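*Asks:* In case you want the letters, here they are:
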Amino acid sequence: MDAQTTELRYGLESFRKDWRHCTIGSNFLAGTHCSSPQNRELASTAINEMLELAFRAGADASKSWVQTQIERSVMTLSLDLTIQDSLIEELSGAIASFHLGPERYFQRYLGAESPGILFGLSFLVHDLSAKVVLSMPVNALHVRVHLPLLPSPEPIWED
Amino acid sequence: MGRLIAIGNLRTSSEIDDEFYLGLPKSLAPWDAANHVAQFLSAWLENTLKQRNFDLDSLNYVINELMENAIKYAADGRIELAVCVANDALLVSLTHPLQEAHAKIYQALAQQVFEADPDLLFAEIIERNACTSTEVQTGAGLGLVSLRQNYQAGLAFGFLQQDNSQIVQTTTQVSLPWQ
Chain A
1 MDAQTTELRY GLESFRKDWR HCTIGSNFLA GTHCSSPQNR ELASTAINEM LELAFRAGAD
61 ASKSWVQTQI ERSVMTLSLD LTIQDSLIEE LSGAIASFHL GPERYFQRYL GAESPGILFG
121 LSFLVHDLSA KVVLSMPVNA LHVRVHLPLL PSPEPIWED
Chain B
1 MGRLIAIGNL RTSSEIDDEF YLGLPKSLAP WDAANHVAQF LSAWLENTLK QRNFDLDSLN
61 YVINELMENA IKYAADGRIE LAVCVANDAL LVSLTHPLQE AHAKIYQALA QQVFEADPDL
121 LFAEIIERNA CTSTEVQTGA GLGLVSLRQN YQAGLAFGFL QQDNSQIVQT TTQVSLPWQ
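One line per chain: the protein sequences are A and B, in this order. Letter by letter, the first sequence follows residues 1 to 159 in the numbering used here. Letter by letter, the second sequence follows residues 1 to 179 in the numbering used here.
Derived from the structure by calculation, the hints contain no laboratory data. As the structure is a prediction and not an experimental result, all values here were calculated from the model. Some hints could be false.
[To be verified] Now the stretches of chain B that chain A is said to cover, found in silico as 3 or more residues with beta-carbon under 8 Å:
hint, region
1, 20-27
2, 157-165
[Claimed, not checked] Derived coverage of chain A by chain B (criterion: at least 3 residues anywhere in the stretch with Cβ under 8 Å from a Cβ of chain B; other residues may be distant):
hint, region
3, 6-12
4, 24-32
Backbone N, C-alpha and C fix where the C-beta goes; we use that ideal spot for every residue, glycine too.
Work out the full structure, taking the sequences as your base and the hints as a guide.
*Replies:* Structure follows, in structure tokens:
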């Protein structure tokens, strides 16, 4: 593995016992890689969405991986996850519909009947240009996001 | 091919199912990273440990101690921290590369810490440090002894060196019994 990669691997069963794991993990990983508040905020938001995806959709008794890597001025985030059987159909449908565009995904996926994973995944795809691959029949989900980092640590309000 | 020297009851990665693993490059671990990682891990495992009435401060201390050593002495490469929630104990494992010369010093120290009476060794190190200038006190082993003395921790060490390599992959394993 590339020496500049940070990897966090965790058992889903205990991870899903506490919702705060998503924030704790995203703050830690973003803080490890980013010194500027803007970059840290951006990275933390994306990692948090990934961890929430793992929290909601991960199959118990499996493990999940989150990797963060910085090369030049781009931060690459990866999530590997085994999805619960009951969510596969809905997830496949959502992934197939991503090419239709971002219009109204807020309305479409914020409803009470809609599983939260679809909203989070739509956010990652449409707003952060995430690449998503679902491999069957092993129910393996891979999500990858490339985040362009701001070059300067100067506060943006100084302009 | 490589050669593994083990001190104590070292459990290899194939023997344990780690609940949590963190791997990061040494270049991303400044001095304050030890505390940063310790707090992160304690927060992450808080629920699991509270269910067993486990003192979170103990875990915090252990991680801090192991990470500080890794940050001080590790050669360039990855620092890998794994935690396994076993039936009898919480097992914390830290692996990192060491230059061969540093690994030899650490191996001798590990052997001493593993074999000696922790109370006597603690007193001996304090006495020795009091008579020695601060410049040569590095690697005294006080942190490792304190893990045995204050936390009843079981220690094990592994030194894996590949043929023709100047780098030794060093593992320090701390087992904290459930209270």
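*Asks:* When the structure is checked against the list of hints, which entries are broken? Sort them ascending.
*Replies:* Violated hint (a single one): 2; every other hint is consistent with the structure.
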